[in-house]
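Two chains, two frames, some hints: make the complex.
Chain order of the listed sequences is A and B. Position one of the first sequence corresponds to residue 0 (numbering that gives the first Met the number 0), numbered consecutively onward. Position one of the second sequence corresponds to residue 0 (numbering that gives the first Met the number 0), numbered consecutively onward.
Since the hints were derived computationally from the structure, they do not count as laboratory data. Nothing here was measured: the structure is a model prediction, and the numbers come from that model. Glycine included, C-beta positions come from ideal geometry on N, C-alpha and C. Take every hint as true, because none was put in to throw you off.
DMTMM-like cross-link-like pairs, simulated, lysine to aspartate or glutamate; straight-line CA separation at most 25 Å:
1. B:Lys-93 with A:Glu-148
2. A:Lys-100 with A:Glu-24
3. A:Lys-45 with B:Glu-121
4. B:Lys-51 with A:Asp-69
5. B:Lys-71 with A:Glu-24
6. A:Lys-100 with B:Asp-91
7. B:Lys-93 with A:Glu-98
Residues of chain B placed beyond 10 Å of chain A at every Cβ, according to the derived structure:
8. Asn-6
9. Gly-22
10. Gly-57
11. Ala-111
12. Gln-134
Residue strings, one per chain:
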Amino acid sequence: MTRWFEDIAIDEPFPLGSHSFTEAEIIRFARLYDPQYFHLDPDAAKAGPLGGLVASGWHTVSVGHRLMVDALFAEADRLRGLGEEPGVSGPSPGVNHAEFKAPVRPGDTITYTLSVTSKRPSGSLPGWGVLINAMRGVNQRGELVYAAELVSFSKLRDFKMPLGVKLMLALGRVPGLGALVRRN
Amino acid sequence: MNPVTANRRHYEDLRLGEVIVLGQTTVSKDMIFAFAREFDPLPFHLDEAAAKQSLLGGLASSGWQTAALTLKMLGDSFLNGIAAAGGLGFSDLKWKKPVMVGDTIDATATIAELRRSRHHPERGIMKLNLDVKNQKGEPVMTMSLANLVELRDPNAPMVDEAQR
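So that you can see chain B by itself, here it is in the shape it has in the complex (with noise of 0.2 Å):
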């Protein structure tokens, strides 16, 4: 038993359809700032003069800043309270609109697939779709993350997602 995640919520406790609200988060200036300077040194991202001139008219983040700002919430107000055991990838990842200097995000993962790994039994893979909007509620990024999630019970047998 991994005393980390032995009194948090596992495998066997998730249920498909869950959806989970992770909060929100705004997003200053100086946030987009710090991102750009060490992963998107781009002038759209580090120069309101060169924003103003550029296609988006504005300071706007990174996309992958507004990934890894979901992450954190997801983070915290998920993971951290189930038996997460890292994360396998993504896919489908769709940025539909910048998100500019002080917007606020707000963002829900739902629990959108439910499977045992054959590779590792003691595991199950957990698929969540993330939904992050702006405070106009206008779709700014959606994305599909798998994770793995330790069981309670390693040695369950195998059952069909239908039959639980």
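For reference, chain A alone in the conformation it holds in the complex (with noise of 0.2 Å):
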């Protein structure tokens, strides 16, 4: 999030925007990641499970992705208008879980939500918290097709470093006593 920690509210819908996928995009995504018949070739998908052309998975996970950073772009664009610092987001560890509910075909349009639904202060990483991240994928007849929980990380405004730990670093570049104090 391009918002601080302590400013993030739980649960509140951040819009990220649609997408409308094309026959030609979901061949090209399939060419180069995900070269299976239904996500290739129109006619041999007919036979396949879906009966028919299906954008990969992971087309619809990256597309969201997409949408997520413009989005996250333009939220601190608006917060610099607003004369506000836009908070830090740091690179995310993983995902928790991803699951593709419905098949995307050629033509449907679909509405990304991304929604942060628990946050904490990190334990191994100091002034940073925890974000927990649901994304979802809706189609244009209001079918999910997508839902994931996405692990980031997001600066605190307000972190202020323990006396003991400022210590240290400055004992640190102290000539001769640093050795001493870095030895513990």
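Written as structure tokens, this is what we have:
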């Protein structure tokens, strides 16, 4: 998120926008990253499990990620426009789970929404918080096609380094004393 | 019978614990730029100067690109040889280390679970554990993928995996 950890509201839906999947881009993605016949070949796909060409689930995921990046940049610009300093997000450690709930076919329009479902200060990275994010993609008929739980980091605005840590860092910079302090 | 998959291995032919070597892919600057422009336009995937200043210290591929390139190897070396019938999703995806420009990733898949689908008795669910390393042998990504696979004999009775 582009908001500071303290400012992130739980379960507030953050709309990311929509994308319409064309047959040409479904095939192009499949050729590069997921070359199975029901993502690649409209004729062969008719005999396949879904009765026609469908987008790779990873294509649906990748487009959702792109819309998220764009939305976060737009939110940062909006905050700057209000005279506020946007928050800082860190690299994602991973994804807890993701489900492809229904096929995405050529011509379908998927609308994505992100919300933070829980947040806690990180135990391993002082000054950062861990966010659990729910990502959802819904088609033009309102059917859920994609749901995922993404993990991310967000910086704390009000982080104060504990006095002990500050003291050790300061002492570590004193010649001679540094080696003694670091040994502990 | 599906003519596309008739001569491929089916659900009945898969064995728990089977390890599939997926091969290697070297990640070039052009590949990183092409994926990032379309799906992950962050400065450390798109701009070498900005990437040097970032936490990663250089140009790195999007984590989603690492996943997509692994999937390509999985399709070429395994899924296109079995009667795969689509992905259900994935879990426990962990990006352990960034993939930097010029790195070669090396992947294996292990069949970690096989069970019949209750909703579609003509299909089985196969879980694969994917393990991706770089050229130094360091883990860069792991995840578990769930895929449907057609049965050769859709009327085969449901049996417990332990009995196979």
